[in-house]
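**Student:** Residues in the sequence shown are numbered from 17 upward in steps of one, following the working numbering.
Because the hints were derived from the structure by calculation, they are not lab data. Just so you know, even glycine gets a beta-carbon here, dropped at the ideal spot from N, CA and C. There's no promise every hint is true.
Unchecked claim - Computed Cβ-Cβ distance ranges for the label pairs, DEER-style:
1. G26 - N118: 45 to 51 Å
2. D155 - A102: 33 to 39 Å
3. T186 - K85: 29 to 35 Å
4. N118 - H94: 20 to 26 Å
5. T101 - K178: 39 to 45 Å
6. G26 - K228: 20 to 26 Å
7. T101 - D224: 36 to 42 Å
8. R177 - K228: 20 to 26 Å
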Amino acid sequence: MENYCLTANGKIMVLEIGSWAGSSAITWAEAIKRHGKESGMVFCVDPWINYYIDSLDDKKTWVLRTMAKSFINNKIFHLFNHNITASKHDDIIIILKSYSHNLLPMFRSHQFDIVYIDGNHLYDAVLCDITNAAALLKDGGIICGDDLELQYEEVFSDNFRKFHNIDVCTDPHTNKRFHPGVTLAVWEYFKCEVSCWDGFWAMQKNNDIWEKVSIKFEDNTIIIPKHLRRTKLF
17 MENYCLTANG
27 KIMVLEIGSW
37 AGSSAITWAE
47 AIKRHGKESG
57 MVFCVDPWIN
67 YYIDSLDDKK
77 TWVLRTMAKS
87 FINNKIFHLF
97 NHNITASKHD
107 DIIIILKSYS
117 HNLLPMFRSH
127 QFDIVYIDGN
137 HLYDAVLCDI
147 TNAAALLKDG
157 GIICGDDLEL
167 QYEEVFSDNF
177 RKFHNIDVCT
187 DPHTNKRFHP
197 GVTLAVWEYF
207 KCEVSCWDGF
217 WAMQKNNDIW
227 EKVSIKFEDN
237 TIIIPKHLRR
247 TKLF
């Protein structure tokens, strides 16, 4: 995001699919304002609906159950609103409480500079989000997402295909936990290895051709927003 803002002209338009408590939305907004793109906007698409997805990983199942409790009485949605307001970025963050498969087709084509996908991690949902999001990107835009712990060619057996509608499982060869739906959907859409850093993946659209994203840091430093430095992971 920092690199994109440095080279882009005009306002930056970001579409985020899956917002949870607002951490990533605030990150996009801070980068936009830091680089003088105040006219830019961040659109957050999330139904904030209670859900439970079966998992073959006991630890992850506990996490999902804990997350599901956050939806009781709209707790997580209220927390999202609180965090956005407290960050003072509510002037450029637009909340769209809806399912992505219903809402994305309503946007006009070539509207966004960046689309970030971190919603439903099951195969059908991820592939649908990537397909719909790709049509919304401007030329030169970046589509990215989270939780690509293993790329397709790193998984040693096609047996994982039967788990494509399981949120997370463990690869028996590497003993790594990964999201099979994300792995399979990313591979089937792009048909190649994508740029990836610790699960965060990205591809850039240039003249309708998908290319890996090259990231350059002038001083070899990364600006980490305050809210992320205070974050405690599971």
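**Student:** Output the numbers, in ascending order, of every earlier hint that fails for this structure.
**Tutor:** 1 and 3
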